[in-house]
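Visitor: Chains D and P, in that order, are what the protein sequence lines are. Residue 1 is where the first sequence starts when you use our numbering, and the numbers rise one by one after that. Residue 237 is where the second sequence starts when you use our numbering, and the numbers rise one by one after that.
Wrong hints could be hidden among the right ones.
[Stated by the list, open to error] Think about it this way: if two alpha-carbon atoms lie no more than 25 Å apart in a straight line, the pair counts; the simulated DMTMM-like pairs of lysine to aspartate or glutamate are: (1) P/Lys361 to D/Asp76; (2) D/Lys53 to D/Asp202; (3) D/Lys236 to P/Asp369; (4) D/Lys210 to D/Asp76; (5) D/Lys210 to D/Asp65; (6) D/Lys225 to D/Asp47; (7) D/Lys210 to D/Glu162; (8) D/Lys53 to P/Asp239; (9) D/Lys53 to P/Glu269; (10) D/Lys53 to D/Asp133; (11) D/Lys53 to D/Glu35; (12) D/Lys210 to P/Asp261; (13) D/Lys210 to D/Asp47; (14) D/Lys225 to P/Asp239; (15) D/Lys236 to P/Asp261; (16) D/Lys236 to P/Asp277.
[Stated by the list, open to error] Far from chain P by the CB rule (all over 12 Å, computed), these chain D residues: (17) Ser34; (18) Ala55; (19) Ser118; (20) Ser136; (21) Gln195.
Derived from the structure by calculation, the hints contain no laboratory data. Just so you know, even glycine gets a beta-carbon here, dropped at the ideal spot from N, CA and C.
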Amino acid sequence: MPGIESGKTWSRIGAESEPSQVSASGIWQITEASEMIAAGKWQIPTDPVAIEKIAAASISGNPADVIFATIPQTYDDLWVTIGSEYYRWPAGSGFWMAGIRPWLNDDNGAGTNGYGWSMMYGDPNPATQPFTDRGSNSNYINNIGYGTDYWQSYDHTVNPTEFAVFGYTEANTYKNIYFRASSMGSPSSWVGGRQGWAGKNDNTGTAVTKITFRNDGQYWDNEAKITLWGITRAGK
Amino acid sequence: MSDFRTLAYTQLASDTASIVFGGLDVTPYSVLEIHAELKTDRASNTWDAFTLTPSSGIGVTSGDGGTANTAVAYSSGNSYPGAIWANALGNAQNAIVGICAGNSMSGLADRSGMPARILVFNPVKELKSTERDITVYAESTGGYGSTIGESAYDQDVYRTVNNWPGRTDASITSLTFASYYSANFLTGSWVAIYGYYGGD
Numbered sequence: 001m002p003g004i005e006s007g008k009t010w011s012r013i014g015a016e017s018e019p020s021q022v023s024a025s026g027i028w029q030i031t032e033a034s035e036m037i038a039a040g041k042w043q044i045p046t047d048p049v050a051i052e053k054i055a056a057a058s059i060s061g062n063p064a065d066v067i068f069a070t071i072p073q074t075y076d077d078l079w080v081t082i083g084s085e086y087y088r089w090p091a092g093s094g095f096w097m098a099g100i101r102p103w104l105n106d107d108n109g110a111g112t113n114g115y116g117w118s119m120m121y122g123d124p125n126p127a128t129q130p131f132t133d134r135g136s137n138s139n140y141i142n143n144i145g146y147g148t149d150y151w152q153s154y155d156h157t158v159n160p161t162e163f164a165v166f167g168y169t170e171a172n173t174y175k176n177i178y179f180r181a182s183s184m185g186s187p188s189s190w191v192g193g194r195q196g197w198a199g200k201n202d203n204t205g206t207a208v209t210k211i212t213f214r215n216d217g218q219y220w221d222n223e224a225k226i227t228l229w230g231i232t233r234a235g236k
Numbered sequence: 237m238s239d240f241r242t243l244a245y246t247q248l249a250s251d252t253a254s255i256v257f258g259g260l261d262v263t264p265y266s267v268l269e270i271h272a273e274l275k276t277d278r279a280s281n282t283w284d285a286f287t288l289t290p291s292s293g294i295g296v297t298s299g300d301g302g303t304a305n306t307a308v309a310y311s312s313g314n315s316y317p318g319a320i321w322a323n324a325l326g327n328a329q330n331a332i333v334g335i336c337a338g339n340s341m342s343g344l345a346d347r348s349g350m351p352a353r354i355l356v357f358n359p360v361k362e363l364k365s366t367e368r369d370i371t372v373y374a375e376s377t378g379g380y381g382s383t384i385g386e387s388a389y390d391q392d393v394y395r396t397v398n399n400w401p402g403r404t405d406a407s408i409t410s411l412t413f414a415s416y417y418s419a420n421f422l423t424g425s426w427v428a429i430y431g432y433y434g435g436d
């Protein structure tokens, strides 16, 4: 019969034509899909997305703490990026740098959830000498990076910092933490950077549902840009 | 649409000597980023080291593109406070990339491993390039803090750069992680391979 061939591994209902486009305008129809496969034009699927923005902090009133509360438990790892100037000296004068002091959940004051950290860093003084530090604290990680205020005519007020928590949904494992930061208090000698690892070294805690970034007893600038990202290891 | 995408991920359900990712299509990616938490049954120490072997690129000792090189820097937080250490490891083809947890580390059963972040540059064959080095930049740790710091060699903050030249080598199609001391990666260890997507 005309139009019928033996040995074909696929067929469609209705008139047969070679597809002319490489992707469908909407959801694939089964006939479109079979035609594309047969024509060797099936669009290769891309790898799944691994990262999504969870929240960008809304900062007002120059708070001491920036808090991400009620963190969804739908990712594998967390990543926080901090950019822009993040310290404000309330009197509007003086020479000040401020460190970032993070903790998980409500550990600050709880006194039972031990943190440990090790880092290499090149600031603050003398600016050209590298240092290392290893420490521990019951309540928080002491300082993952410095920032400047904007009153002293510093050349730079952007101090990019990143902070990551691995396996934050796991309730009964130690949590590994990664951080990296710059300090650009030029023209002062408070110029350098640091990189290190930290951990919440107990297995009795719950999953991480909250992260607090304290500005070392000082104040966050309202223009600071702090974003919480969620990473899905296998992608979505 | 995010351009930070997942190429492969595994979390070990049983102890294994090596973790192999095969069938990778790295063509759309300019850089691969790898996150991992690894622990091994190396019983003689709190830490182990691991190697990363790509399917192409590391077999070159000289000539086309030059000689493979590896360098390492690590901070000392205990015995030698205030010191940064560095070594040039020469042209080892299968060099140490990172540090992971060994069997005698404190709280090992409660850990998914010691963490590492790794960047792999130039995973794709470049036909028109006069130079193409597969370069691996890795940050890892053998322990941190006052109670679990890596005390044997004080490699608390460990950074390596491995450089494998060879412009005509094929694109990477597989990556293999292995214990440097021939131990086994323990159940629960995981590795995720991400890529910076640059398009088809």
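Visitor: Taken at face value, is the distance from the CA of D/Asp202 to the CA of D/Lys53 at most 25 Å?
Guide: violated, 28 Å
Visitor: What's the verdict on D/Lys210 and D/Glu162, does the C-alpha distance respect the 25 Å limit or exceed it?
Guide: holds, 17 Å
Visitor: Next pair to validate is D/Lys210 with D/Asp65; report whether the Cα-Cα distance is within 25 Å.
Guide: holds, 12 Å
Visitor: D/Lys53 and P/Asp239 were given as a pair; does the straight-line alpha-carbon distance stay at or below 25 Å?
Guide: holds, 13 Å
Visitor: Within 25 Å, alpha carbon to alpha carbon, are D/Lys210 and D/Asp47?
Guide: Status violated; Cα separation ~30 Å.
Visitor: What's the verdict on D/Lys210 and P/Asp261, does the C-alpha distance respect the 25 Å limit or exceed it?
Guide: Roughly 37 Å between the alpha carbons, so the hint for D/Lys210 and P/Asp261 is violated.
Visitor: For the pair supplied as a hint, P/Lys361 and D/Asp76, is the alpha-carbon distance within the 25 Å limit?
Guide: violated, 32 Å
Visitor: Taking only the CA atoms, is the gap from D/Lys53 to D/Asp133 under or equal to 25 Å?
Guide: violated, 32 Å
Visitor: Between the alpha carbons of D/Lys225 and P/Asp239, is the straight-line distance 25 Å or under?
Guide: holds, 21 Å
Visitor: When you look at the beta carbon of D/Gln195, is every beta carbon of chain P farther off than 12 Å?
Guide: violated, 6 Å
Visitor: Assess, step by step, whether the Cα of D/Lys53 is no farther than 25 Å from the Cα of D/Glu35, and give holds or violated.
Guide: Violated - the C-alpha atoms of D/Glu35 and D/Lys53 are around 37 Å apart, more than 25 Å.
Visitor: Is D/Lys236 close enough to P/Asp261, meaning Cα to Cα at most 25 Å?
Guide: holds, 18 Å
This entry does not satisfy hints 1, 2, 3, 6, 10, 11, 12, 13, 16, 19, 20 and 21, going by the numbered hints stated previously.
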